[in-house]
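Going down the list, the sequences are from chains C and B. As numbered in the working numbering, residues 301 to 522 make up the first sequence, in order. As numbered in the working numbering, residues 376 to 672 make up the second sequence, in order.
Don't take each hint at face value.
Computed spacing ranges between beta-carbons, pair by pair [to be verified]:
(1) C/Lys335 with B/Leu619: 27 to 37 Å
(2) B/Asp612 with C/Glu346: 28 to 38 Å
(3) B/Ala435 with C/Glu493: 48 to 58 Å
Taking lysine-lysine pairs in the PhoX-like style, the calculated list, with each CA pair at most 20 Å apart, reads [as the list claims (entries may be wrong)]:
(4) B/Lys409 with C/Lys439
(5) B/Lys440 with C/Lys431
(6) C/Lys490 with B/Lys440
(7) C/Lys465 with B/Lys484
(8) B/Lys484 with C/Lys437
(9) C/Lys437 with B/Lys404
(10) B/Lys471 with C/Lys501
(11) B/Lys471 with C/Lys490
(12) C/Lys364 with C/Lys341
(13) C/Lys431 with B/Lys409
These aren't lab readings, by the way, just hints derived from the structure by calculation. All C-beta atoms, glycine included, are put in the ideal place defined by N, C-alpha and C.
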Amino acid sequence: MSSSQRNIDKSELDRKVNDVVHLMLIWEQRKIPIKRADINKHVLKEYRHAFNEVMKITDKKLQKVFGLKLLEIGESGKRAYILVNMLEHSETQQMMNWNDNPKRGLLFTVLSLIFMCGNSMTDGTFWNALKGLGIEKDKPHPEFGDVKKLITQEFVRQWYLEIVKLPNCDPPQYEYKWGLRAYHETSKMKILEFVTSLYDKSSVMVWKSQYQDALEEQRKTI
Amino acid sequence: LVSSFVNRARQLQLRQNYRKLIDETQLNKEELVKPDSNGLMENIAKAHQLFKDVNETRGAALDSKFMTLAVTLGAQKTNLLQTDLVAFQPDEFIAKLVTCMGGTVSEDKDEIDIPENGWNVLGQKTATYFTSLTPALHPLLGAFEAIETGKTNRQATQRNKQKETSTKVQLPKELTNYKDDKKEATPEEIERVLHIINTFYKDDPASPIDYFELVVNPESYGHTIENIFHLAFLVKDGLVKIFLNENGLPVVEPVNVRPDDISPRKKVQVIVSLSMDEWYAIIDAYQLKDSLIKILF
Numbered sequence: 301m302s303s304s305q306r307n308i309d310k311s312e313l314d315r316k317v318n319d320v321v322h323l324m325l326i327w328e329q330r331k332i333p334i335k336r337a338d339i340n341k342h343v344l345k346e347y348r349h350a351f352n353e354v355m356k357i358t359d360k361k362l363q364k365v366f367g368l369k370l371l372e373i374g375e376s377g378k379r380a381y382i383l384v385n386m387l388e389h390s391e392t393q394q395m396m397n398w399n400d401n402p403k404r405g406l407l408f409t410v411l412s413l414i415f416m417c418g419n420s421m422t423d424g425t426f427w428n429a430l431k432g433l434g435i436e437k438d439k440p441h442p443e444f445g446d447v448k449k450l451i452t453q454e455f456v457r458q459w460y461l462e463i464v465k466l467p468n469c470d471p472p473q474y475e476y477k478w479g480l481r482a483y484h485e486t487s488k489m490k491i492l493e494f495v496t497s498l499y500d501k502s503s504v505m506v507w508k509s510q511y512q513d514a515l516e517e518q519r520k521t522i
Numbered sequence: 376l377v378s379s380f381v382n383r384a385r386q387l388q389l390r391q392n393y394r395k396l397i398d399e400t401q402l403n404k405e406e407l408v409k410p411d412s413n414g415l416m417e418n419i420a421k422a423h424q425l426f427k428d429v430n431e432t433r434g435a436a437l438d439s440k441f442m443t444l445a446v447t448l449g450a451q452k453t454n455l456l457q458t459d460l461v462a463f464q465p466d467e468f469i470a471k472l473v474t475c476m477g478g479t480v481s482e483d484k485d486e487i488d489i490p491e492n493g494w495n496v497l498g499q500k501t502a503t504y505f506t507s508l509t510p511a512l513h514p515l516l517g518a519f520e521a522i523e524t525g526k527t528n529r530q531a532t533q534r535n536k537q538k539e540t541s542t543k544v545q546l547p548k549e550l551t552n553y554k555d556d557k558k559e560a561t562p563e564e565i566e567r568v569l570h571i572i573n574t575f576y577k578d579d580p581a582s583p584i585d586y587f588e589l590v591v592n593p594e595s596y597g598h599t600i601e602n603i604f605h606l607a608f609l610v611k612d613g614l615v616k617i618f619l620n621e622n623g624l625p626v627v628e629p630v631n632v633r634p635d636d637i638s639p640r641k642k643v644q645v646i647v648s649l650s651m652d653e654w655y656a657i658i659d660a661y662q663l664k665d666s667l668i669k670i671l672f
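Please model the complete structure; the sequences and the hints are all you need to start from.
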């Protein structure tokens with residue numbers, strides 16, 4: 301009997317599902333999207349033919365027990381899973397002492413800059429702007445250390461940012477854009493709300509083009 | 376008709392001027408893209424002047440290079456032009472963030488002082504603007520062996536995994552490396568270099584290619600040495616010849632391009648050496664930015 305025809309029995313299935321749930325929760329620490337191959341390698345192993353079945357139940361468990369949803373993002377060749385919080389944040393979220401507050405602050409700054417500048421920035425303009433925060437591309441930062449590595453490698457590996465090389469540029473120039481994960485963990489409208497409150501403006505609508513952009517995105521996700 | 380020698384000198388000067396203009400534009404690009412700067416238009420006018428006297432392909436190629444750069448900067452400049460009710464200026468946004476973190480900026484914008492807790496404060500304030508924040512779980516007693524866990528555990532298991540797999544994998548690994556090494560010195564690679572030389576020479580048949588411009592890869596010393604090595608094979612096989620030009624610089628030219636050249640082929644043995652310091656010096660002197668012979672992988 302070939303392995304693909306082997307039926308996985310209930311208790312074994314349960315065990316595998318629990319393992320995957322554990323794996324996902326722990327993998328989330330790094331914030332790096334997990335690929336199907338990773339799940340197969342670390343947990344499913346000889347039961348990889350039951351992948352779809354396992355993932356369906358895993359998703360249900362994550363939702364029911366932890367309030368987290370399993371999301372598959374990316375196009376073919378680059379698909380991976382991330383966890384998304386199903387519960388609308390409340391005031392308690394604000395009060396919680398999250399582990400990576402400084403990094404989150406930097407990430408939010410970066411995402412805001414990119415969106416408000418028309419969804420992309422060239423690396424020159426990008427790093428020039430960050431100088432105003434005391435961040436130099438090639439100098440170690442007292443809070444973040446190697447900022448260049450944090451932004452161009454870690455954030456990219458976590459799919460928060462996407463850095464694309466522009467064609468026909470010599471010396472090479474890069475474009476900084478939002479990564480797929482960013483679209484799922486925040487929204488253009490949210491960024492606009494933040495910026496509006498920061499500038500103490502009356503309404504998000506004063507940012508004409510960005511507002512239109514954010515509206516478009518809202519329409520698409522509904 | 377201007378004599379060939381005077382023209383060559385003039386063209387060289389034009390190329391130098393182009394290179395200077397391109398470098399200058401590159402250096403100042405942050406200033407040039409600002410909406411209130413006229414610098415880009417001025418530089419384009421300069422290039423236009425230079426182009427009037429260009430009559431050979433290398434000068435024209437440099438002109439294209441400049442125009443590509445100018446166009447890219449022009450596009451960036453347009454992007455920065457705002458026609459909103461409230462224009463978004465990154466500098467203004469950043470300044471407000473500094474205030475939000477409880478920091479200060481000096482008068483001349485040189486000193487930016489952000490308190491130690493500043494980034495933490497910003498992180499807390501922006502937490503509500505995330506639609507989804509997932510708490511990462513840290514198991515009290517650590518995860519199972521088979522699963523990657525937090526930082527320290529992961530490093531330990533990975534190190535162990537590496538140790539036990541390295542002995543198994545060593546044998547197959549050796550074989551594949553051997554195969555790759557062979558690839559570098561194969562006739563195909565040498566053929567590719569010859570093809571590049573021929574293509575380049577076809578573009579500009581009047582002048583042989585400068586030896587160092589050809590072999591030096593400013594991004595890899597190793598690859599530069601490989602190029603010298605491959606070129607040596609081509610010379611040995613009589614497909615390409617190297618000689619000193621009127622300036623005393625070594626130049627490369629494919630053989631049998633000129634049908635009226637019946638000079639007997641001299642076979643001379645020369646040893647070429649290039650230290651890493653010399654390599655740096657050449658990159659500096661020629662202002663090389665990328666290599667003529669591109670790395671394959």
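Hinted pair B/Lys440 and C/Lys431, Cα distance within 20 Å: 30 Å, violated
Pair hint C/Lys437 and B/Lys404, alpha-carbon separation not exceeding 20 Å: Holds, because 17 Å separates the two Cα atoms, which is no more than 20 Å.
Pair hint C/Lys490 and B/Lys440, alpha-carbon separation not exceeding 20 Å: Violated: C/Lys490 and B/Lys440 sit about 42 Å apart, past 20 Å.
Pair hint C/Lys465 and B/Lys484, alpha-carbon separation not exceeding 20 Å: Given pair C/Lys465, B/Lys484 is violated - Cα atoms ~31 Å apart, limit 20 Å.
Hinted pair C/Lys364 and C/Lys341, Cα distance within 20 Å: Roughly 26 Å separates the two Cα atoms, so the pair is violated.
Restraint check for B/Lys409 with C/Lys439, where alpha carbons must lie at most 20 Å apart: This hinted pair is violated, its Cα atoms lying about 25 Å apart.
Hinted pair C/Lys431 and B/Lys409, Cα distance within 20 Å: 16 Å, holds
Hint check for B/Leu619 and C/Lys335 - Cβ pair distance inside 27 to 37 Å: 57 Å, violated
Range hint 48 to 58 Å (beta carbons of B/Ala435 and C/Glu493) holds or violated: 52 Å, holds
Satisfaction of hint between C/Lys437 and B/Lys484, Cα-Cα up to 20 Å: 18 Å, holds
Pair hint outcome, B/Lys471 versus C/Lys501 [Cα-Cα no greater than 20 Å]: 13 Å, holds
Straight-line alpha-carbon gap B/Lys471 to C/Lys490, limit 20 Å: Cα-Cα ~18 Å, so holds.
When each numbered hint is compared with the structure, violations occur for hints 1, 2, 4, 5, 6, 7, 12.
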